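Asker: The primary structure of each chain is shown beneath.
2 protein chains.
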Amino acid sequence: MAEAVRHDKTARQLRLLSDALDSGRLGPVKRLVNTLSPAEIGNLLESLPPAKRTVVWGLVDPEDDGEVLVHVGDEVRESLLAEMDPDEIVAAVEDLDIDDLADLAEDLPDTVIDEVLKSMDRENRERLEQVLSYPEDTAGRLMNPDVVTVRADTTVDVVLRYLRLRGELPEHTDHLYVVSRRHQYLGRIALASLLTCEPTDPINRLIDDEQPAIDVDESDDEVARQFSDHDWLSAPVVDDGNVLLGRITIDDVVDIIRDRAEHQALGAAGLDEDEDLFSPIRRAMRRRLIWLTINLGTAFLAASVVGQFEMTIEKIVALAVLMPIVAGMGGNAGTQVLALMIRGLALGQVGSSNAGVLLWKEVRLALLNGLSLGLLLGVIVWFWFGDPKLSAVIATALTLNLLFAATAGVLVPLTLKRLGFDPALASSIFLTTVTDVLGFFTFLGLATLILVR
Amino acid sequence: MAEAVRHDKTARQLRLLSDALDSGRLGPVKRLVNTLSPAEIGNLLESLPPAKRTVVWGLVDPEDDGEVLVHVGDEVRESLLAEMDPDEIVAAVEDLDIDDLADLAEDLPDTVIDEVLKSMDRENRERLEQVLSYPEDTAGRLMNPDVVTVRADTTVDVVLRYLRLRGELPEHTDHLYVVSRRHQYLGRIALASLLTCEPTDPINRLIDDEQPAIDVDESDDEVARQFSDHDWLSAPVVDDGNVLLGRITIDDVVDIIRDRAEHQALGAAGLDEDEDLFSPIRRAMRRRLIWLTINLGTAFLAASVVGQFEMTIEKIVALAVLMPIVAGMGGNAGTQVLALMIRGLALGQVGSSNAGVLLWKEVRLALLNGLSLGLLLGVIVWFWFGDPKLSAVIATALTLNLLFAATAGVLVPLTLKRLGFDPALASSIFLTTVTDVLGFFTFLGLATLILVR
Numbered sequence: 001m002a003e004a005v006r007h008d009k010t011a012r013q014l015r016l017l018s019d020a021l022d023s024g025r026l027g028p029v030k031r032l033v034n035t036l037s038p039a040e041i042g043n044l045l046e047s048l049p050p051a052k053r054t055v056v057w058g059l060v061d062p063e064d065d066g067e068v069l070v071h072v073g074d075e076v077r078e079s080l081l082a083e084m085d086p087d088e089i090v091a092a093v094e095d096l097d098i099d100d101l102a103d104l105a106e107d108l109p110d111t112v113i114d115e116v117l118k119s120m121d122r123e124n125r126e127r128l129e130q131v132l133s134y135p136e137d138t139a140g141r142l143m144n145p146d147v148v149t150v151r152a153d154t155t156v157d158v159v160l161r162y163l164r165l166r167g168e169l170p171e172h173t174d175h176l177y178v179v180s181r182r183h184q185y186l187g188r189i190a191l192a193s194l195l196t197c198e199p200t201d202p203i204n205r206l207i208d209d210e211q212p213a214i215d216v217d218e219s220d221d222e223v224a225r226q227f228s229d230h231d232w233l234s235a236p237v238v239d240d241g242n243v244l245l246g247r248i249t250i251d252d253v254v255d256i257i258r259d260r261a262e263h264q265a266l267g268a269a270g271l272d273e274d275e276d277l278f279s280p281i282r283r284a285m286r287r288r289l290i291w292l293t294i295n296l297g298t299a300f301l302a303a304s305v306v307g308q309f310e311m312t313i314e315k316i317v318a319l320a321v322l323m324p325i326v327a328g329m330g331g332n333a334g335t336q337v338l339a340l341m342i343r344g345l346a347l348g349q350v351g352s353s354n355a356g357v358l359l360w361k362e363v364r365l366a367l368l369n370g371l372s373l374g375l376l377l378g379v380i381v382w383f384w385f386g387d388p389k390l391s392a393v394i395a396t397a398l399t400l401n402l403l404f405a406a407t408a409g410v411l412v413p414l415t416l417k418r419l420g421f422d423p424a425l426a427s428s429i430f431l432t433t434v435t436d437v438l439g440f441f442t443f444l445g446l447a448t449l450i451l452v453r
Numbered sequence: 001m002a003e004a005v006r007h008d009k010t011a012r013q014l015r016l017l018s019d020a021l022d023s024g025r026l027g028p029v030k031r032l033v034n035t036l037s038p039a040e041i042g043n044l045l046e047s048l049p050p051a052k053r054t055v056v057w058g059l060v061d062p063e064d065d066g067e068v069l070v071h072v073g074d075e076v077r078e079s080l081l082a083e084m085d086p087d088e089i090v091a092a093v094e095d096l097d098i099d100d101l102a103d104l105a106e107d108l109p110d111t112v113i114d115e116v117l118k119s120m121d122r123e124n125r126e127r128l129e130q131v132l133s134y135p136e137d138t139a140g141r142l143m144n145p146d147v148v149t150v151r152a153d154t155t156v157d158v159v160l161r162y163l164r165l166r167g168e169l170p171e172h173t174d175h176l177y178v179v180s181r182r183h184q185y186l187g188r189i190a191l192a193s194l195l196t197c198e199p200t201d202p203i204n205r206l207i208d209d210e211q212p213a214i215d216v217d218e219s220d221d222e223v224a225r226q227f228s229d230h231d232w233l234s235a236p237v238v239d240d241g242n243v244l245l246g247r248i249t250i251d252d253v254v255d256i257i258r259d260r261a262e263h264q265a266l267g268a269a270g271l272d273e274d275e276d277l278f279s280p281i282r283r284a285m286r287r288r289l290i291w292l293t294i295n296l297g298t299a300f301l302a303a304s305v306v307g308q309f310e311m312t313i314e315k316i317v318a319l320a321v322l323m324p325i326v327a328g329m330g331g332n333a334g335t336q337v338l339a340l341m342i343r344g345l346a347l348g349q350v351g352s353s354n355a356g357v358l359l360w361k362e363v364r365l366a367l368l369n370g371l372s373l374g375l376l377l378g379v380i381v382w383f384w385f386g387d388p389k390l391s392a393v394i395a396t397a398l399t400l401n402l403l404f405a406a407t408a409g410v411l412v413p414l415t416l417k418r419l420g421f422d423p424a425l426a427s428s429i430f431l432t433t434v435t436d437v438l439g440f441f442t443f444l445g446l447a448t449l450i451l452v453r
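Line by line, the protein sequences are chains A and B.
Going by full-length UniProt numbering, the first residue of the first sequence is number 1, and it counts up by one from there.
Going by full-length UniProt numbering, the first residue of the second sequence is number 1, and it counts up by one from there.
Read the hints as simulated data drawn from the structure, not as lab findings.
Watch out, some of these pointers could steer you wrong.
[Unchecked claim] Okay, the calculated beta carbon distance ranges per label pair: (1) B:T155 <-> A:E126: 46 to 56 Å; (2) B:G356 <-> A:F383: 28 to 38 Å; (3) A:D22 <-> B:R164: 36 to 46 Å; (4) A:V55 <-> B:P202: 52 to 62 Å; (5) A:S180 <-> B:P62: 30 to 40 Å; (6) A:D240 <-> B:T35: 22 to 32 Å; (7) A:P28 <-> B:G356: 17 to 27 Å; (8) A:P170 <-> B:L367: 20 to 30 Å; (9) B:H230 <-> A:S352: 18 to 28 Å; (10) B:D209 <-> A:P28: 42 to 52 Å; (11) B:S37 <-> A:S133: 52 to 62 Å; (12) A:K118 <-> B:P28: 36 to 46 Å; (13) A:R418 <-> B:R164: 28 to 38 Å.
Values in this document were obtained by computation on a predicted structure and should not be read as measured data.
C-beta: ideal position from N, C-alpha, C; glycine also.
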């Protein structure tokens, strides 16, 4: 039910906009679009088929263009950029924050990046170049170098005067960072504590040095974990020598968390999280065919197992009727184990220290479930085909296949992870191959042994 | 690769802890555990089998007990609470923030809640009772009533003096809220702007009234959407009469986003996001059996379709060998469409206004993929069985089943959503039922028409 209520607002906007577009009157469309935040506009653009998307993109206030580009997936971004000439792109992106600009940089033509760099003042140019010098998916790329720093050997009074002179603080500033003469990170001071302390207090009495700084090379996943484990809203980023380079704010971390979840959900079906709902058919076809061809290969593997038992099936056709049940139930049971394992691995909760205990728990569970379901299945098959031996064969085969499924459900993701692959993406294919192949083999093999001679 | 690097720190801690536990020396375990944040301790406890979990829980600094309870899933929380006597529970939770306490309240024995309420001062008691009076999964439950308010008809100077007198601000305070005489929400003032303005400025010149307040009845999903669409760090919560009730901070929103992603990933396999990795075997068994029994039912449906064609299979056993390929490939192709649809629905990007265009795109894509894969499959089958007619039958059946899969992939989640169900949870069962039943029917039906007579 929760899902049904969710995002009703977005869906409503989409419908309104779509109706207005269909009616051809662009005035209302333009007004509607420009009441939205850039993220909402991005969301709407992603939901529109190419032709409508082009029309609406042309109606977005040029001032919002840059922020909208930041908020859409790679594929949609490409389609939007294709509609703009270089001057428009430069105008759209030059006022973005450094971290957003760095995020976009991959997708921008080199000439545009050169133009943007030229249009910046020296300080910002150097900052952008610095951020771009760090690899993607690291803290260095996420950080914004625009931070307010103060020195430890001063008083609150002086800092307050400095802030008043400085005027506006960078967006989402909740702490000032205290640095040494050589710009090394010493700790931070909450804006809240500046407001509640006495002006004559020395700064070093307010310093909070409990929160460790983030290393610039840290992976963005690790950054996300630390933020959510410690309920941080922002964190300083330092280099090897503890020199303060910038800060990461939670709004960017939220984007990582969402991306990661989408990556897992779509990746498990062989899709990219940046996949456009309306991606050009040729591109979509290529991506899906790769995945389906791999699956076709594993399906042949299973079919060749069945092929070994053609003689048996010829004699007892009921086996052909029942064999998909054994294989399919193994796949379903294994998928449950897999879902738990994938989450456990993602949270770092599963590893060599508890894999054995987990496997043992899942095997016991599979045995109990297998016996229960096997009994149920056996009774139904007995009624259907009137053959107690067939019924015993399928009950045994089902139980065995659930045991195989549990074992594969635990071991496949662990093995993939150890080999350096992403278990969330590839586990499911391996698992169903195991449950299909062993399911068919066990059922038809037992049938050959017990029913045929 | 990203996944492989992720959370190495957690996995390392887990291994260290596990080794220390195995060695039986509890001193090092205790020291190790108490260097961790409550969320990290929670994560570790979730990764431990019951016996070790009990030992480690006993070693956690009682001061952290409450925060740890907040950071674990429902099932694990239950197992931890079972180890505590009422006095310990009261001591653990009475100092929690109101919003965290409200979050725990469901799982606490009534006697404990009464004790906690008694131990609170009147203001906090009323606040807790108020928060608990709102339904779960709404903004009212998420909010913390502890906010700092100021009146509009004053100056910065006065506010600064008030803050200094007040001392510490509630955690994660980034704005003060401006309210009317009747406590109605008028707007907010960033701490940053208090620090950069002139002390003589009137307060009403600093008020930012651009951010709309959140309605106390809003669903938590909608709250999460607004936060991420607008990059908010906090937001005021008001009632119908615009009276300020509290504020929601982004750290709680991050928890919602994570929960939602887990809910989708585990829910699709018939599991609960609060499922304990080591849940008691009887409970785990019950939950999984329900799901597997439903799947057994759909498997029988598919088997009964195959049963209609026993005569055909008896004549051409190769059909039994090949039929799982047709059904399975339909399932795989449909799963890809489903993954895109589920994400689109979750983001509000898919609705009645574009469902038609999407269906048309997916059907075209399925036709192209079906013809390509059908050709490949046909050639292989021709080589394998040397029968061009069989090869034509399976190529046609595969193409048709991919078309059915695309149609079901688009329509099943839309229909479930319209009926008020969560499409992320139930779509996959319906989809594979469609692709199995129609896959078998098309393949075996065509074979009967073309190959048998």
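Asker: All hints are to be evaluated individually against the structure, with a verdict given for each.
Answerer: The hints, checked one at a time:
1. B:T155 <-> A:E126: 46 to 56 Å: 40 Å, violated
2. B:G356 <-> A:F383: 28 to 38 Å: 45 Å, violated
3. A:D22 <-> B:R164: 36 to 46 Å: 59 Å, violated
4. A:V55 <-> B:P202: 52 to 62 Å: The hinted range 52 to 62 Å is violated for V55 (chain A) and P202 (chain B), with Cβ atoms some 46 Å apart.
5. A:S180 <-> B:P62: 30 to 40 Å: At 38 Å between Cβs, range holds.
6. A:D240 <-> B:T35: 22 to 32 Å: Since the Cβ atoms of D240 (chain A) and T35 (chain B) sit about 23 Å apart, the hinted range of 22 to 32 Å holds.
7. A:P28 <-> B:G356: 17 to 27 Å: 22 Å, holds
8. A:P170 <-> B:L367: 20 to 30 Å: The hint (20 to 30 Å, Cβ to Cβ) is violated, given that P170 (chain A) and L367 (chain B) are roughly 52 Å apart.
9. B:H230 <-> A:S352: 18 to 28 Å: The hinted range 18 to 28 Å is violated for H230 (chain B) and S352 (chain A), with Cβ atoms some 43 Å apart.
10. B:D209 <-> A:P28: 42 to 52 Å: 26 Å, violated
11. B:S37 <-> A:S133: 52 to 62 Å: Hint violated: Cβ distance 31 Å, outside 52 to 62 Å.
12. A:K118 <-> B:P28: 36 to 46 Å: 58 Å, violated
13. A:R418 <-> B:R164: 28 to 38 Å: 57 Å, violated
Consistency note: the structure conflicts with the earlier hints numbered 1, 2, 3, 4, 8, 9, 10, 11, 12, 13.
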